[in-house]
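Visitor: These are the residues of each chain, in order.
Protein chains: 2
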Amino acid sequence: MQSTMMQYPLTLVHVLERAGRYFRNSQIVSRMPDRSLHRCTYADFYRRSRQLASALTKAGLRRGDRVATLMWNHYAHLEAYFGVPVAGGVVHTLNLRLYPEDIAYIANDAADRFLIVDDILLPLLEKFSDGVQFEKVFVVPLTGQPVAAPYHDYEALLAAESGEFAYPEMDENEPAAMCYTSGTTGRPPGVVYSHRSIVLHSMATLVGDSFGIKSTDVLLPVVPMFHVLSWGLPHAAVMVGSKFVMPGPHLDAESLVELCETERVTFATGVPTVWMSVLQLLEQCPNKRNLVPGMRVGIGGSAAPESMIRAFDKFGVTVIHAWGMTETSPIATVSTLKPHLRTLPEDERYAIRARAGYALPWVDMRVVDDEGAVVASDGHAMGEIQVRGPFVTGSYHNKEVDPAKFTADGWLRTGDVATIDSEGYIKICDRTKDLIKSGGEWISSVDLENAIMAHPAVAEASVIAVPHQKWAERPMAFVVLKPQMEVSAKEIEEFIAPRFAKWWLPDEYVFVEAIPRTSTGKFLKRSLREMAAKRKMETAAE
Amino acid sequence: MQSTMMQYPLTLVHVLERAGRYFRNSQIVSRMPDRSLHRCTYADFYRRSRQLASALTKAGLRRGDRVATLMWNHYAHLEAYFGVPVAGGVVHTLNLRLYPEDIAYIANDAADRFLIVDDILLPLLEKFSDGVQFEKVFVVPLTGQPVAAPYHDYEALLAAESGEFAYPEMDENEPAAMCYTSGTTGRPPGVVYSHRSIVLHSMATLVGDSFGIKSTDVLLPVVPMFHVLSWGLPHAAVMVGSKFVMPGPHLDAESLVELCETERVTFATGVPTVWMSVLQLLEQCPNKRNLVPGMRVGIGGSAAPESMIRAFDKFGVTVIHAWGMTETSPIATVSTLKPHLRTLPEDERYAIRARAGYALPWVDMRVVDDEGAVVASDGHAMGEIQVRGPFVTGSYHNKEVDPAKFTADGWLRTGDVATIDSEGYIKICDRTKDLIKSGGEWISSVDLENAIMAHPAVAEASVIAVPHQKWAERPMAFVVLKPQMEVSAKEIEEFIAPRFAKWWLPDEYVFVEAIPRTSTGKFLKRSLREMAAKRKMETAAE
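Those protein sequence lines, which keep their order, are chains A and B. For the first sequence, my numbering assigns the number 1 to the initial residue and increments by one for each residue that follows. For the second sequence, my numbering assigns the number 1 to the initial residue and increments by one for each residue that follows.
Note that these hints are calculated values from the structure, not bench results. For clarity, every value in this text was computed on a predicted model and none was experimentally measured. Backbone N, C-alpha and C define an ideal beta-carbon position, used for all residues, glycine too. Every clue listed holds true.
Computed, partial: chain A to chain B, Cβ under 8 Å:
# : residue
1 : N173
2 : P175
3 : V392
With a Cα cut of at most 30 Å, we get these calculated BS3-like pairs of lysine-lysine:
#  : chain 1 : residue 1 : chain 2 : residue 2
4  : A       : K314      : B       : K214
5  : A       : K214      : B       : K214
6  : A       : K437      : A       : K522
7  : B       : K482      : B       : K522
8  : A       : K437      : A       : K470
9  : B       : K214      : A       : K338
10 : B       : K338      : A       : K338
11 : B       : K534      : B       : K470
12 : A       : K522      : A       : K314
13 : B       : K534      : B       : K433
14 : A       : K470      : A       : K534
15 : B       : K314      : A       : K214
16 : A       : K482      : A       : K502
17 : A       : K433      : A       : K470
18 : A       : K214      : B       : K338
With the hints as constraints, model all of the structure from the sequences given.
Guide: Spelled out as structure tokens, the structure:
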């Protein structure tokens, strides 16, 4: 027996056409380099995305060709998100925070054929342009300055097109977009998203128990669009017609809060460090700000400390914790409270909200120990998170499938270590490589960091493993204090001691001005390890 | 270039496993024939669905075999919804409101191999059992009476299984469920849903701008589970873990309102006639009922009059208008207000909410005139709605593709006539066969019905075309008055006249006790046409 259902591909063509049909009045707001606000509608977005598709096709774009972007979050980047894939191309978002030579490596590995670049990023492009061979470079004149040869003017490119465009027939499994992981060691590998994976991911984030995005929402993706498709927020927004507000290059707390206030943002996303700085700003003048009551902030990329979730609640802002990675499109879990957990005492509710949540529809998840056995769902046993699903990568671009990354039965090994409770909520304990193994037992650096960051004088904390003759490894904490605050190592230890077994407590606290970060805002533990090693050598030399 | 994403099928296996993993505490409530409430949890549902899958497999179920159900809405029907497809079978829901010989025809056309039947429906089964050949019949002992040979006891069947079950490997395009259309003429054809179509449809209804179902919702499907998969509500509920309340055979207004009150229902579904009777009950004792504030009711199957939407608002109940058909899984449009329409004057907002809405994600829709041209989106031009998408049928079971049902370019011809406004909201004017063509112009029977039903003395109205020598066809109205109410034809005409061109007004008003209905609660216009013809003959004979 056969199903009688139509064979209809899940592609971005449908999403773009839907937007052009139903959401022509929805607003798109972009912060420009000069801080002014650029405003347009979905009708403009629809027309210009199709103009871009048409222009790229005339420029010779073939099926599957990569079109790189080197851009901040703004209307033209959104056009590239759709205009490239509906023409049969693959939009490849280059991470402008990487070292120029790394960007060049990635552009070459992906064999990017065309590039669309913000005019204000031309100085960055010129740092690595010797190492790459883009056939054509289109410059978005954000500043209004004329575009000089050999570059092509993005606006002129679009202006030459009527907006009429006949989409090529497409299979839903064809590639649509590409991102490289932000690995902190070695050359990052590329992940290639399909039309199907992008569309399914956006639907999974739309449902009420994940991000619950609706047409009435006003979205602010602070996550860069060059970072894992901005968590799929652009696709989710366009699917339902939400007002879409983009911060451009202005990611400081004051600019973000101002944008939230004036554009009436209801849902924003970002990594904890960005929102920590927003929180500090709110705390400086608690009565002066005018955020939309009930505003939600999706936080991921690294763990949001419980103290931060509590602090935002005081400002009427609900933090929704999420977890994922480039390989999972990226949202794989979201921490919303199931109905029967909403009546728990406040502390228990916060403890659950500080976990990473449970899996989105279509994501299969298991937590597996060193021997490959699924760990007990008791909230204590630690293991590696493994996932599979229609928006989880099964390989890397141009690479053999590596057994260190994928299990024999086809699951992605995420490299993140977690516990899982009886309700299925995971709690990220660490990256496998950041776990501290002391005397044969695991210590979670993330748990220690969150406990230390709950101290009112502490702005940031990062804990790493340092080699130890007897215990193999021991924890060392790096601490950044808030301005004008003072606290001793002993005071911090007394503060966190009640929460941990004694052997979990760090052997040393190092007070620093700042903790170095990766290009995506995560703590750069590699660099801390180097600092620790240097410290040890200096101590030995004394 | 290839996408690196995993090939992961969208099947009901994932949905069931997700429920068993994350929603074990969610509640399932079923009204039994004796009016008592049967309570169980998703943990029970998960275990029993797998027991059913295991038992059917041992009973010899092969891939694609049809397992028919003849059941009301309750826990065991929900088990069949999942237990059959995850075992590789196809659940075929028989409509118990059809004539017995029609049920037999449908069971034979589908080649149903097994049957699961409520014990209270055995008298119905016995009316057509001579005409069918089920290999085994499993009886659900809802009343607690023992099950006698030749029937098998459903509970004994499940009790023999441990609940361990190894799912067969499945492709997402394999068939999972089957329904026959409720056509009022000729033998109804069958539609076969796939795992993919069911899962995608449930996701499309979950999003906030359609039904917006969440884990915190308490759902009451008044739509029978033998009618187009109960609009996909069972699948949507299980996907997110909503409490699920089923009315069993008790569909009278008092039973439904009581269930809404005691189980704290937040979202219910049904056809207008059911909710009209609920409304009348609420109006009888406006201060005595205790519905959840903000309760939503999804209404479809036929048009919900604007007057009904307004009346429910007074009780804090939001009617969400939807449109679809067996061929579209069934929800294809939902009428929720886009953000910029929420500030319109009240009358305009109600007018939009009374339309059928705009298309769900993944549904392509166009309105096409007699010549095949897309009509203007002006809210006036009428045409046939045509749709396509991953949960729209492209054919009928065991039938050649009929050009009267499908266009040459692959769209379903729905047979529903609508206008479409500039925002993309459609307004159903009629079935193509119910439209009245008077003097070469179309008159919408639905518009006339809604206008007449807005009169405070009118309970129901149905308008049909009667043959006319000069104008080809003219409208005739059948009217049911509310109890103890009186109104003349002239008064109704004066009431509706301001809304229509004069030539739209019915030539005659016939007051009747009741309007005959189809098995799904729609007005049976065929029967009214027979009444009209008989009337004419009688008049001629006088």
